[in-house]
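*Asks:* Sequence:
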Amino acid sequence: MALPTLRTIAFILGIFLITLSMAMLVPMATLLLMEHPEDLQAFIWSALITFSSGLAMVLQGKPKDSQLRPRDMYMLTTSIWLMVCVYAALPMIFLHHMSFTDAFFETMSGITTTGGTVLVGLDSMSEGILIWRSLLQWIGGIGFIAMGVAILPLLRVGGMRLFQTESSDWGEKVVPRSHMAAKSIAVVYLILTVACVLSYWLAGMDWFDAINHALTTVSTAGFSTSDSSLANFSNASHWVAVVFMVLGGIPFVLYVSMLRGNRKAVIRDQQVRGYLGAVLLISLVTSLWLWLNSDYALLDAWRIATVNVVSIITTTGFAVGDYSAWGGFAFMLFFYLTFMGGCSGSTTGGLKIFRIQVAYTLLRSGLMQLIHPRAVIKQQYNGHALDEEIVRSILTFSFFFTLTIAALALALAMLGLDPITALTGAATAVCNVGPGLGPIIGPAGNFSSLPDSAKWLLSFGMLLGRLEIITVLVLVTRAFWRH
Numbered sequence: 001m002a003l004p005t006l007r008t009i010a011f012i013l014g015i016f017l018i019t020l021s022m023a024m025l026v027p028m029a030t031l032l033l034m035e036h037p038e039d040l041q042a043f044i045w046s047a048l049i050t051f052s053s054g055l056a057m058v059l060q061g062k063p064k065d066s067q068l069r070p071r072d073m074y075m076l077t078t079s080i081w082l083m084v085c086v087y088a089a090l091p092m093i094f095l096h097h098m099s100f101t102d103a104f105f106e107t108m109s110g111i112t113t114t115g116g117t118v119l120v121g122l123d124s125m126s127e128g129i130l131i132w133r134s135l136l137q138w139i140g141g142i143g144f145i146a147m148g149v150a151i152l153p154l155l156r157v158g159g160m161r162l163f164q165t166e167s168s169d170w171g172e173k174v175v176p177r178s179h180m181a182a183k184s185i186a187v188v189y190l191i192l193t194v195a196c197v198l199s200y201w202l203a204g205m206d207w208f209d210a211i212n213h214a215l216t217t218v219s220t221a222g223f224s225t226s227d228s229s230l231a232n233f234s235n236a237s238h239w240v241a242v243v244f245m246v247l248g249g250i251p252f253v254l255y256v257s258m259l260r261g262n263r264k265a266v267i268r269d270q271q272v273r274g275y276l277g278a279v280l281l282i283s284l285v286t287s288l289w290l291w292l293n294s295d296y297a298l299l300d301a302w303r304i305a306t307v308n309v310v311s312i313i314t315t316t317g318f319a320v321g322d323y324s325a326w327g328g329f330a331f332m333l334f335f336y337l338t339f340m341g342g343c344s345g346s347t348t349g350g351l352k353i354f355r356i357q358v359a360y361t362l363l364r365s366g367l368m369q370l371i372h373p374r375a376v377i378k379q380q381y382n383g384h385a386l387d388e389e390i391v392r393s394i395l396t397f398s399f400f401f402t403l404t405i406a407a408l409a410l411a412l413a414m415l416g417l418d419p420i421t422a423l424t425g426a427a428t429a430v431c432n433v434g435p436g437l438g439p440i441i442g443p444a445g446n447f448s449s450l451p452d453s454a455k456w457l458l459s460f461g462m463l464l465g466r467l468e469i470i471t472v473l474v475l476v477t478r479a480f481w482r483h
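Going by our numbering, the sequence shown opens with residue 1, and the numbers climb by one from there.
Some hints here could point you the wrong way.
Cross-link-like lysine to aspartate or glutamate pairs, in silico, EDC-like; alpha carbons within 20 Å at most [claimed, not checked]: (1) 378 to 388; (2) 378 to 389; (3) 62 to 72.
Just so you know, these hints were derived from the structure itself, not from any lab.
All chains should be built: construct the whole structure from the sequences, respecting the hints.
*Replies:* Listed below in structure tokens is the structure:
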């Protein structure tokens, strides 16, 4: 990679670090409002270190003759996520006296909107740390939306080119210029967040809890201010979470289209219809099963099952009770749901609904071809022709997605973790869900008791999952580093 290109990447990283240091003003203001100035020093030092590092990168200047190619975006995207996680960990190290391993795991879980945590005693923790964790997830959510609708289609990763005309070609479909598109998405993201704050407050949360949970609900991320997660709050707040988790799983470009006058953009989208149908059907089946196999009243079973099902499908990670203790059917169901994910162009992780729908389309056309060998069967999805490149990209991603989880689970098992913890830990990390299954990392547990080596492996799995795997793996190939 040429020196001018590296300088350009460093310049952009510097801008991100300066922005991150500015974000640290939010927990500082929170601590002042909460009258806990004794915790300010940790954030002041963290902000100064982050700002100084970013300024040093920016001051070296951006080469005028350097232009990033698509291949350079692989390096830039991965570097941004890693660099932000390293510097975002500083407040936790200074204030909470965490090891760098735990702090990095926590921030990686936050910025990738995974939601797995190593922290215990959230109910009595510093408000500065709580709001910082939530803010990281909110930033990571909008960051992934921008990457999913602008960068990944350009890099042709995981079949994302299917959405190129809705996301990258802003000139004809949504708004005149790409920077206006990004601005419109940010406005929608902010409107949903404010609406979620007000809804949580009306449902009985105080302002601090409402703001924290709104930041982590709209971003489908899952950090809470309580060790009991949503179970510590009112039943009404559970339904608020369901509504905004579902909204966070819908492509944000469709919201922009609605604001621009296309009122039926959401309901006409094949991916959204499949997503909403799956959420509704699985929630109803799980609710009925829980009601018939427990002492819950029908409405309570409906509420508890729906919150947990929607949380896992949207890869948010909130929990109401320990669903891994509901029996074999629920255990297996929630394990399968871990892989599902929401829509492309949303804040969710996982496989994404569109890949499942494309796989079904290919299976159906293959069966029809066997029945009618001479027929010419068109393979289309949401108005797009499924050409060979798109199919190959989806198959490649799906293969490496499965292989990554299998390899990560095997590595965790080699470290001494039991099979359930190893397998569900690998799945929840790569799918960016948050809680795994079982007594250790399940909805009632966390990742604090895992060895440091396991936390580093899981952190790497979170990064792979958030950046759609291929974006990171391409950096370890010899061809990438050749001149």
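*Asks:* Hint compliance check: list the failing hint numbers for this structure, sorted ascending.
*Replies:* Result: no hint breaks.
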